[in-house]
Amino acid sequence: MVKFMICVFLGALALHQTLGEMVVLPSKSLNENVVESKNNPKRSLDAWIGDAGGWSTGGFKLSGFSNGWNPWNAHSRFASPSPSEVANSIAAAKQASGNVLIAQQQMQAAKENVLNQQRMAMEKEAAAALLTQKSEAAAAIQRSEAAAAAQAVVLAQQRLAATKAAVAHQQRIAAAREAEAAQALQRSAHAAAAEIQKTEYEASKLGQLNRNHNAGAAHHLAFTKDAAFSPINSGTNHVPNLESLGPWSSAAAAAAAAAAGAK
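Numbers -20 to -1, 1 to 243, taken from mature numbering (1 follows the signal peptide of the UniProt record, and there is no 0), label the letters of the sequence shown in order.
For the record, the hints were derived by calculation from the structure and aren't laboratory data. These numbers were taken from a predicted model, which means no experiment stands behind them. Note that the Cβ used here is the ideal one computed from N, Cα and C, for glycine as well.
Once the Cα atoms are required to be at most 27 Å apart in a straight line, the calculated DSS-like pairs of lysine-lysine come out as:
(1) K104 to K114
(2) K104 to K91
(3) K74 to K91
Pair ranges (Cβ atoms, derived):
(4) Q85 to S124: 56 to 66 Å
(5) R152 to A132: 25 to 35 Å
(6) S64 to Q85: 24 to 34 Å
(7) E65 to E105: 56 to 66 Å
Based on the sequences and whatever the hints tell you, model everything.
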């Protein structure tokens, strides 16, 4: 690149000198100027370059382009370049510089594109990481809620089992109480039946005693009556009626009742 720029610079100097020699007075025609330009001796770049005394770039010595390639004329070693060649070389240099600038601009655009892509990628990665964190947080919350719900189910099942056990215990107590009540009722019924039987027996016994006592009292009354009225009957041969014996019968009945009450 340095060699190329040196050649371009030297070519520009040669072109400037050639154009200076082509400047003529206004009275001259174009043909005369062309003739004079052709008659002027051509200058070689060797006079400008000379021998730099051993300076070289990358092992290529620039002293007179000796043993090297002459960019101005590949066929003639000592021929100077024409103005068109110099102009073409300058245009090529400008185009190359423009191409370099375009390439640099493209490189800058590509660099900016890379930076933009990197920024977008980083933003997307950050968003993905944030979403991942949010998803993990949401998943953790859901797992916690699910664990709490499962724990609540376990507690509810435990309460249900305890309630069932309490119900069964109360049912056993109620069954025992019912059995005790049934036994008490049965004992009460047996006791009532026994009491009724006892009462009936005592009543029947008392009735039998009353019947026996009444029979004895009647027999005694009859005997007493016979004993009382026997003298009368024997003396008068008269049988008294029941009305005349009323007080005696009343006294006998009262005595029989008193005797029954004492017994």
